[in-house]
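Given these sequences and hints, build the entire structure.
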Amino acid sequence: MNHLDLDFAPRNARFWWERSGLALRAALLGGALVLAAVAWCTMAIQTERVQLQEALARAVPAAAPSVRAGATLAQKGAYAQDLAQNKAMNQALLALNRPWKLLWDAVERVSSAPGVQVAILEMRPDTATSTPESGDVQGLRLLAESKDSAHMLGFMRQLRSEPFFVSAVLTSHQVNTQDPNKPLRFEVLVQWTQAGL
Amino acid sequence: MLESTNRRLALNIGPQGAQLALRSGWLRPRYRLLESLVWQTQATDEQRGAALDALLLRHAKSGSALEVLVADLWVPSVSVQPPVNGAGVGDLAAAVSLRMGAVTDSGTDWQIASAPRMDGRFVASALRSSLMDMLRHQCQRHGLHLASVQPLFVAVWNHWHATLVPGQWLAICGPSAVTLCIAPQRHLEHLRRLDFTPADTQTLLWPAEAAQREAMRLGLPAPTTLGLCGTVPLAWRGAPGVYLGPVGDATGLWGVKP
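In the order they appear, the protein sequences are chains A and B.
Numbering-wise (my numbering), the first sequence opens with residue -8 and increments by one.
Numbering-wise (my numbering), the second sequence opens with residue 24 and increments by one.
Fair warning: there could be bad hints in the mix.
The list that follows gives simulated cross-link-like pairs (lysine to any residue, SDA-like), each with its CA atoms no further than 20 Å apart [said to hold, decoys possible]:
hint	chain 1	residue 1	chain 2	residue 2
1	A	Lys138	A	Pro116
2	B	Lys84	A	Trp8
3	A	Lys78	A	Pro116
4	B	Lys84	A	Glu9
5	A	Lys92	A	Ala186
6	A	Lys173	A	Ser163
7	B	Lys84	B	Arg159
8	B	Lys84	A	Phe6
9	B	Lys84	B	Ala73
10	B	Lys84	A	Arg5
11	A	Lys173	A	Ala110
12	A	Lys92	A	Phe155
Simulated from the structure, these hints should not be mistaken for lab results.
Predicted model only: the values in this text are computed from it and were never measured.
Take a look at the structure:
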């Protein structure tokens, strides 16, 4: 025989809750617990995943885009482009912040010293040493010409005696045979420190 | 441990008085009588409300749920035939109103409840709105939640329905009347209240004969067995049928415990 649902009580939410049996309440409680457990597991997995990605990115920064799960080719390309742009921007900032006036004065003092006869053709920052990672030491490459090797060596001695520079190294030299005077063209790497400014 | 939880108050209210009990447990609820009241003769709703107020003041705990069982005498009930070609709930409600108008006083406000279905007869009951308002007011006053307000026959039926089979009728015995719950198939379709005299309680076959008469009147087959419950007179217990157990013990309460 069927249950008879005849009741005069107002049918609100509390009415149905009071009529719900032990099984229904236990099912609701169980469902809520399962949902809470699923939510907790999802959060834990997500947190662990983020931590793993951060650890991988720290361990191999350059490879981070390639090891990042799910990264597309476009994302990897964009990441590489960002790196190149950042590097170029840092170089530009370093070039702007270089003490050109002091450098020029130091080079001028050396080249105008008595007995020195060289022509400075080019001055350019040394990109190998002038990086944020190189720390305090900065480099400058000088391209110059002299009549002969004796004048070149005199210039080198004068550079080494200049207190502004911490070192001066002859990196290359060659005779310009196309010139009728056969001048000696050479390149020097000089270095200075920020502390010496 | 579970049996000590799910505590709620149970109020049995009728023309003679009221009883308040504490119900606890989930699977097999237990009732403990807290206090009984007897109304004065010709008591008004206001007087009953005041007595009930004092009763709840002594026993009610704010936030509890209250289940109310109303004596069948206070709840006129009818059997409603759903209208032919009825389209929906509105048609059933109209049929219930029409049928209920024949058994209730038009000068009194009534609240109607039913368990409607489209495919067969069903039972509808009415409760005086003033009584319902009094119950609502008392619950509000004592911070109780009115969990249910049911006629006694509904509670008894819902307790025993699983043990009944089609063709078997249920008879709820009271002090001076028997309420027959008639379910030809699987649904309760008819209710009949039959008064009896003290002499009838000594007649062994009175319940069976009364049931056969009602079956003839309704045009139904006679019941295969008659399940008796409530305060069944001793003489009737030897008659053919099924004795389901008393409606209540000394409290005359709840009626649904075997």
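Hints, verified against the model:
no.: 1; hint: A/Lys138 to A/Pro116; verdict: 25 Å, violated
no.: 2; hint: B/Lys84 to A/Trp8; verdict: 19 Å, holds
no.: 3; hint: A/Lys78 to A/Pro116; verdict: 15 Å, holds
no.: 4; hint: B/Lys84 to A/Glu9; verdict: 16 Å, holds
no.: 5; hint: A/Lys92 to A/Ala186; verdict: 16 Å, holds
no.: 6; hint: A/Lys173 to A/Ser163; verdict: 16 Å, holds
no.: 7; hint: B/Lys84 to B/Arg159; verdict: 16 Å, holds
no.: 8; hint: B/Lys84 to A/Phe6; verdict: 18 Å, holds
no.: 9; hint: B/Lys84 to B/Ala73; verdict: 18 Å, holds
no.: 10; hint: B/Lys84 to A/Arg5; verdict: 17 Å, holds
no.: 11; hint: A/Lys173 to A/Ala110; verdict: 14 Å, holds
no.: 12; hint: A/Lys92 to A/Phe155; verdict: 12 Å, holds
In summary, the one numbered hint that this structure violates is 1.
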